[in-house]
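Peer 1: Here are the chains, one letter per residue:
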Amino acid sequence: KQEVTQIPAALSVPEGENLVLNCSFTDSAIYNLQWFRQDPGKGLTSLLLIQSSQREQTSGRLNASLDKSSGRSTLYIAASQPGDSATYLCAVGDSWGKLQFGAGTQVVVTP
Amino acid sequence: NAGVMQNPRHLVRRRGQEARLRCSPMKGHSHVYWYRQLPEEGLKFMVYLQKENIIDESGMPKERFSAEFPKEGPSILRIQQVVRGDSAAYFCASSLAPLAGAPEGEQFFGPGTRLTVL
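If you're matching them up, the sequences are chains E and C in order.
Quick note, the first sequence lines up with residues 1 to 111 if you use the numbering used here.
Quick note, the second sequence lines up with residues 1 to 118 if you use the numbering used here.
Keep in mind that the hints were calculated from the coordinates and are not lab data.
We treat Cβ as the ideally placed atom computed from N, Cα and C, and that holds for glycine.
Just so you know, nobody snuck in bad clues.
If you want the ones that stay clear, here's a sample from chain E, every Cβ over 10 angstroms from chain C, calculated:
1) 19
2) 20
3) 27
4) 28
5) 59
6) 60
7) 67
8) 79
9) 83
10) 85
Think about it this way: if two alpha-carbon atoms lie no more than 30 angstroms apart in a straight line, the pair counts; the simulated DSSO-like pairs of lysine-lysine are:
11) C:27 x C:71
12) C:62 x E:42
13) E:1 x E:68
14) E:42 x C:51
15) C:44 x C:27
16) E:68 x C:44
17) E:1 x C:62
18) C:51 x C:27
19) C:44 x C:62
20) E:1 x C:44
21) C:51 x E:1
22) C:71 x C:44
23) C:71 x C:51
24) E:42 x C:44
25) C:62 x C:51
26) C:71 x E:42
27) C:27 x E:42
This is chain E alone, in the form it adopts within the complex (with noise of 0.2 angstroms):
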């Protein structure tokens, strides 16, 4: 049974430092993983789909990894700003593409 777990629940960090949100899942047989953010009493906005075939994928200034044989994906935010405040989740994808997220990183930017 796919377990899916993120690591740290929650985080705070200054504006300006790098973010890195780790995402962990038991059975490396998926297909794809996605990250989301998620912000208050809000839907999912999907940030990246990385491919099972992938080993990382870069949109501005988020890049993500994920090691299949591992079980283990991370994302890095670099340069964070206010605005990147909100719960992060990751979720594997199996070949039906139903996803397993995990709880999520809620992640603070202070000014």
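The hints should help you fit chain C onto chain E, whose structure is shown.
Peer 2: Same frame as chain E, but now just chain C:
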């Protein structure tokens, strides 16, 4: 190109009533997923549908919950005889296709429907 639409955004029901949640996928998307986020819990998969077909309903409670995605119109998640434990945020997501490792499998989420059962 409008994103995934959900309505209503907020729904209040008394115990025993029915709740109907609607989801219109992104244009061109024929795959719809419903997820539930209970208070202080993570998002959990409920059901995966294609037009006129339920593909995977392994996350749906066995009773009172049903879902459909008709040939025309939005996908509907229906909860009969609601109880307080049904209070949650219900999210719908759509994708082009859940092809293994394909970018078309990227899921886009709607803003959610927040159901409160009194």
